[in-house]
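Enquirer: All chains should be built: construct the whole structure from the sequences, respecting the hints.
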Amino acid sequence: MARFTLPRDLYHGKGALAELKNLKGKKAVVVVGGGSMKRFGFLDKAVNYLKEAGMEVALFENVEPDPSVDTVMRGAKMMEEFGPDWIVAMGGGSPIDAAKAMWVFYEYPNTSFEDLITPFSFPTLRTKAHFCAIPSTSGTATEVTAFSVITDYNKGIKYPLADFNITPDVAIVDPDLAETMPKKLTAHTGMDAMTHAIEAYVSTMHCNYTDPLALHAIKMIHDDLKKSYDGDMEARDRMHDAQCLAGMAFSNALLGIVHSMAHKTGAAYSGGHIVHGCANAMYLPRVIQYNAKVDSAAQRYAEIADFIHLGGNTTEEKVAALVAEIKKMNDALDIPKCIKDYEGGIIDEKEFMDKLSDVAALAISDACTGSNPRVPSQEDMEKLLKACYYGEDVDF
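For the sequence shown, the working numbering assigns the number 718 to the initial residue and increments by one for each residue that follows.
Among the clues, some could well be false.
[To be verified] Think about it this way: if two alpha-carbon atoms lie no more than 27 Å apart in a straight line, the pair counts; the simulated DSSO-like pairs of lysine-lysine are:
#, residue 1, residue 2
1, K936, K1045
2, K1054, K1103
3, K1045, K1072
4, K1072, K1057
5, K943, K1044
6, K1103, K1044
7, K1045, K1010
8, K743, K794
9, K900, K731
10, K731, K762
11, K936, K1054
12, K1067, K1054
13, K944, K845
14, K1010, K1067
15, K794, K755
16, K901, K943
17, K872, K845
18, K731, K744
19, K1054, K1044
20, K741, K901
If you are wondering where the hints come from, they were derived from the structure by calculation, not from laboratory data.
Expert: Have a look at this one:
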């Protein structure tokens, strides 16, 4: 038996934000990030719609990129004091992910963060509040997923929290919000979505319910991401739908080691963070080459290549065409080829090598590794990470 879980309701299309005025409740906390939702007027709209619904509204603002355990605990304490029956998270993946974790600690104040690290071990939610997610970026799809990524900065580790309990009750996918994204964010979030869809399609947990979502998302992203990056707002609107479809696929099929590696390299180095979507984009071609040594995975990659008409006669040729196409997309989106080139070289080579063994071990233990089509050894993971640092192809 398998499970397929999505939000109860998903409202999509321009103007969908207005659906907030139809929520039923007494109090709502709105969780937002660093200010773009306020600058562009969407926060005021959301608050006014909730007030029109008859709710008292409180704000938790300034959730940082890659939200911390400390931020989560502060938000949960604020919710305990205010007592909302709706949590409305709005913005990029960070405020929505943070709000999901806040939700758990609001309902179960005695839970520890360590209690949540084991996948699918959360307590039953909705004892105090329901959850509405409104994305402003076209990548994480956290509005429809059972995942939340929280960073413990004391340990330098990103934890992907996973449980169907934190799948939102309501998702509002309004493309007006995504039209405010700057170019670099459009590129990074778009390749995050592409990685979600490809990893979901080759995951050991894929099924007949996830495959169509993953394939259609891949096609849409392949067709529209570059146009969206170049400022075509109709393509930007379609990308907002595409990333959501990819999210529906991976929330149920799960992911693979591209994400395992991105989670564990993201906050590991003193030079700075490796932005999640950019990390996925850099690592994806090498992981495809690595996983394709497994025949069943190679066949799935070949099917993707066929679906987006990349050519090739043999499975091997089709896999190579897919790898080449991902690299071509990265180039067109001004994404660096490797970690060494990231942001002008902020990830120090010596530090990277000094931490290689530990980061590899953490990546292997990541929640996303279990559904990868090829099981990596410690040696394999270290070699993969080095290939991603130097931009080398993978032939092992």
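Enquirer: Please go over all the hints and tell whether each is borne out by the structure.
Expert: Evaluated hints:
no.: 1; hint: K936 <-> K1045; in the structure: holds, 15 Å
no.: 2; hint: K1054 <-> K1103; in the structure: holds, 13 Å
no.: 3; hint: K1045 <-> K1072; in the structure: violated, 30 Å
no.: 4; hint: K1072 <-> K1057; in the structure: holds, 15 Å
no.: 5; hint: K943 <-> K1044; in the structure: holds, 13 Å
no.: 6; hint: K1103 <-> K1044; in the structure: holds, 18 Å
no.: 7; hint: K1045 <-> K1010; in the structure: holds, 22 Å
no.: 8; hint: K743 <-> K794; in the structure: holds, 19 Å
no.: 9; hint: K900 <-> K731; in the structure: holds, 21 Å
no.: 10; hint: K731 <-> K762; in the structure: holds, 14 Å
no.: 11; hint: K936 <-> K1054; in the structure: holds, 23 Å
no.: 12; hint: K1067 <-> K1054; in the structure: holds, 19 Å
no.: 13; hint: K944 <-> K845; in the structure: violated, 43 Å
no.: 14; hint: K1010 <-> K1067; in the structure: violated, 30 Å
no.: 15; hint: K794 <-> K755; in the structure: holds, 23 Å
no.: 16; hint: K901 <-> K943; in the structure: holds, 12 Å
no.: 17; hint: K872 <-> K845; in the structure: violated, 31 Å
no.: 18; hint: K731 <-> K744; in the structure: holds, 26 Å
no.: 19; hint: K1054 <-> K1044; in the structure: holds, 8 Å
no.: 20; hint: K741 <-> K901; in the structure: violated, 37 Å
Hint compliance for this structure: hints 3, 13, 14, 17 and 20 are not met, and every other hint is.
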